[in-house]
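Visitor: Assemble the whole structure, with the sequences as input and the hints as a guide.
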Amino acid sequence: MWRRYGDGVFAVLALTVFTCEAVVLGVLTASAVLRATGTSRPETAAAVVMMTLIITFISLTVVTAYVLAYHKMSERREQLHAERMQHWTTRWTKILLAGESQPNAYLPDEALDALLSLRDVLSGTEGVRIATLLRQYHVGSRLSHRLHSPKQLKRLEVLEALARARTPEAIPDLLVQLEDPEPRIRLLAARALARTIATLPPGSTRDAVAASLAGALERAALPVGVVEQVFLLLEDAAPRTLRILLDHDDLSPTLRRAALEAIGRLGLPGFDRDLAAAGGDLEPNIRAAGLRALGEVGHLPAQAAAGLRAGFADAVEFVRIQASRSGWLLGEAAIPLLWSALGDRSWWVRRAAGEALLRLDEPGRETLERAGREHHDRYAREMAAQTLRDAPAPEQVGGAA
Amino acid sequence: MRILDAVLVGFQFFLVAYFAVLNVLYAFFGYLGLRSVMLYAREMSDAALKDLLERDFYKPVSVLVPAYNEEASIVASVRASLGLQHPAFEVIVVADGCTDATVDRLTEAFALTEVQLVYRRTLESAPIRRILRSLREPNLLVVDKDNGGKADALNAALNLASYPLVCAVDADSLLDGDALLRATRLFAEDDDVVALGGTVRPLNGSVMDGGSVAELRAPRRWIERFQVLEYTRAFFTGRAGWSRMGALLIISGAFGVFRRAAVMDVGGYRTDTVGEDMELVVRLHKQARLQGRKARVVMTPDPICRTEVPSDLRSLRRQRNRWQRGLWETLLMHNDMLFNRRFGRLGMIGVPYFWFFEGLAPIFEVLGYIAFGLSAATGALNPTLAIMFLLLAVLYGVLLSQLAVGIETLLLARYARMRDRLVLLAAAFLEFLGYRQLLSLERLRAMFQVRRKRGTWGEMKRTGVGVGSHLS
Chain D
0 MWRRYGDGVF AVLALTVFTC EAVVLGVLTA SAVLRATGTS RPETAAAVVM
50 MTLIITFISL TVVTAYVLAY HKMSERREQL HAERMQHWTT RWTKILLAGE
100 SQPNAYLPDE ALDALLSLRD VLSGTEGVRI ATLLRQYHVG SRLSHRLHSP
150 KQLKRLEVLE ALARARTPEA IPDLLVQLED PEPRIRLLAA RALARTIATL
200 PPGSTRDAVA ASLAGALERA ALPVGVVEQV FLLLEDAAPR TLRILLDHDD
250 LSPTLRRAAL EAIGRLGLPG FDRDLAAAGG DLEPNIRAAG LRALGEVGHL
300 PAQAAAGLRA GFADAVEFVR IQASRSGWLL GEAAIPLLWS ALGDRSWWVR
350 RAAGEALLRL DEPGRETLER AGREHHDRYA REMAAQTLRD APAPEQVGGA
400 A
Chain R
0 MRILDAVLVG FQFFLVAYFA VLNVLYAFFG YLGLRSVMLY AREMSDAALK
50 DLLERDFYKP VSVLVPAYNE EASIVASVRA SLGLQHPAFE VIVVADGCTD
100 ATVDRLTEAF ALTEVQLVYR RTLESAPIRR ILRSLREPNL LVVDKDNGGK
150 ADALNAALNL ASYPLVCAVD ADSLLDGDAL LRATRLFAED DDVVALGGTV
200 RPLNGSVMDG GSVAELRAPR RWIERFQVLE YTRAFFTGRA GWSRMGALLI
250 ISGAFGVFRR AAVMDVGGYR TDTVGEDMEL VVRLHKQARL QGRKARVVMT
300 PDPICRTEVP SDLRSLRRQR NRWQRGLWET LLMHNDMLFN RRFGRLGMIG
350 VPYFWFFEGL APIFEVLGYI AFGLSAATGA LNPTLAIMFL LLAVLYGVLL
400 SQLAVGIETL LLARYARMRD RLVLLAAAFL EFLGYRQLLS LERLRAMFQV
450 RRKRGTWGEM KRTGVGVGSH LS
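For the protein sequence lines, the chains are D and R, in the order given. Residues in the first sequence are numbered consecutively from 0, following numbering that gives the first Met the number 0. Residues in the second sequence are numbered consecutively from 0, following numbering that gives the first Met the number 0.
Check each hint, because a few of them may be wrong.
Here are the computed distance ranges between Cβ atoms for each label pair [claimed, not checked]:
1) R:Glu53 - D:Cys19: 46 to 52 Å
2) D:Ala301 - R:Arg135: 44 to 50 Å
3) D:Pro283 - R:Glu53: 29 to 35 Å
Calculated directly from the structure, the hints in this document are not laboratory data. Just so you know, even glycine gets a beta-carbon here, dropped at the ideal spot from N, CA and C.
Guide: This is the structure we're talking about:
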């Protein structure tokens, strides 16, 4: 991890030094060329080198002085910061638990930082009280105001603080940040927004914000993993946001895939139609995400069964892997499909088929034993034997359950 | 005589221009590196990382550890790898035809037992003698195979890797506890990321405790201190800058994370080069461009890997010789990328930079010293000007080192003692008194050995990543 203070000054210093050096090195090169062509005198060249030397020496002295001073000062600063944080954490704890009087309207940075740290660790009644304190001190609006800073680094810091504060007052500003041209700002705004929405109580306000978020996500062009992250951070608000998104007819493949992945990861019921539709999608990533989600949710809607069966014969390897992995949902009807998948040309499909057979308990184990002996494909026989060797004994499974 | 004078004078002016362009580029990348550190410091806090971990937002990783005669350090190294904070990972150690007690040490420490494993042999490798699994650490696998070199060992490990990401780590290196979490986050967030390199820092001199670094200290030997500066400059300025430009061509063999499928698609590591780490990255870039796919190769200031650097001149010279040969082998294998617009910034900036400012640099540097001597002998040298220029080269070199050291002070885990910082400042001056010249000569020598010694590694004397020890 990195220190966040003093780097701006260092960057300005470095930029100044580099600019000066680039200029003097340019002059040096030009003077060398002029000297080589005989259009300048040796004294001029010597003067240019001397000037370059002096400027470089000054630059070096300034940079070295800064580095040494920063080293020394940062030690002291961190010690003071730790002491102040300790003081404020103790004070806030007393305010929350022992009802001590609150500080006046102005909160120093350490006080806010300590309060935000407590916000991260305390929930329940104390969590609600911290949220009230944050509202009383107008933390949301104070931080939101700083989002208008032209400095990207400052805005990133504010967005992180807002993610910790989770103050609903900041939601409109965060939605605006989701449309920022800088991807890092959009990423941090999306995280802060998701964490904030997750704290809202169920109801029309949360639904309205979820709808706004869904719309903003469509415009934000975030990578699929980031969108998935947002859904995970939304917690209880995720199903509503996912529903709104998936109801859009012209949803981008990236968002559709992220939504399906999130449904699987969160194990959300109620998306049967969407999971079934994914099986027939032209995009292999979406077909795979839908099949994976089926396995993770652990429920096979009737309309998705055909897609799951079709997945075993898909031309794309990773779709077949997901179909095989979720194949156990078909029950004993999956056994012929998994038997064939054990002989697939892909090692990963064979492995997934073996593991899916194990999930079918006794009939699956019997199939694996039979495949180990009788499967026409040598690799299928080896995989079946390997799967059984790696599998915990049935009594262990029972014991664990 | 006049012709010689003219050549010498002309070469002197060429050197001035070369020096100016190179240093402006260094400065430019230095600034980009600093900028990426500043952005990175604000993009992913510990709290945000914890947040994602609690929601199972991670990708599992196979840590691949090729080992050749590492009996001194292997147990501590594997223990450190097994202690990494990550919800799902496996460690695959490949004993590459070890002639010492590497496998015995592992067997004793981790209760290894031979297992029969079915795995896909997608990549060719030297024959595997046996596969051992730990009875104590379920996520540890040891492969005992015939000697085939580091690349061959990595290919064998890739065949056995069961997770979508693979992390190649040298056996003499230690990763920060959360290194995998930080590294894999980028893969989880962006499908286009195919490879990621972290920062590698010398471990020598640090106080160790239980396989992890208890306190960072500058090494005691100057040869190691010079390398601390080299690594600081290379990672905090050079590579971070190239990464920002989208033209990063090297991920250190000591620590790199890759998308397994992407590595398999390009055929794994090439075994006919000693620059297998750079060659793989170049091939990943190249194949993606040729197929019209997006492929991001990134370097982030975190995670950090600490590695043991050579502490004797002989090992250091062998290492640099190997690096230079690896560089040339890679550049020659992919010479079609040079000034090829099809490869974008890589072809127009990245590859040419490596040809002219990394590959050919030793020639210009050594020729510069020769020209200096000849000019002095023939009277074609203006002594005042020459001394001032030499002084300028030294000051500029020290300035770049100090800027890199300045970035290092921003690290929370930095050299804590002021004394160490002063030592590094002194080292920045002293490295010009023989150290740089010696390495330039070795690199020049390596250039003439590219064909003859293709794929040949030298051995390095290990102190050992000891537990509870003070290295060096």
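Visitor: Against each hint, give a clear statement of whether it holds in the structure.
Guide: Status of the hints after comparison with the structure:
1. R:Glu53 - D:Cys19: 46 to 52 Å: For Glu53 (chain R) and Cys19 (chain D) the Cβ distance comes to about 48 Å; the hint holds.
2. D:Ala301 - R:Arg135: 44 to 50 Å: About 47 Å separates the Cβ atoms of Ala301 (chain D) and Arg135 (chain R), which means 44 to 50 Å holds.
3. D:Pro283 - R:Glu53: 29 to 35 Å: holds (31 Å)
Of the numbered hints listed earlier, not one is contradicted by the structure.
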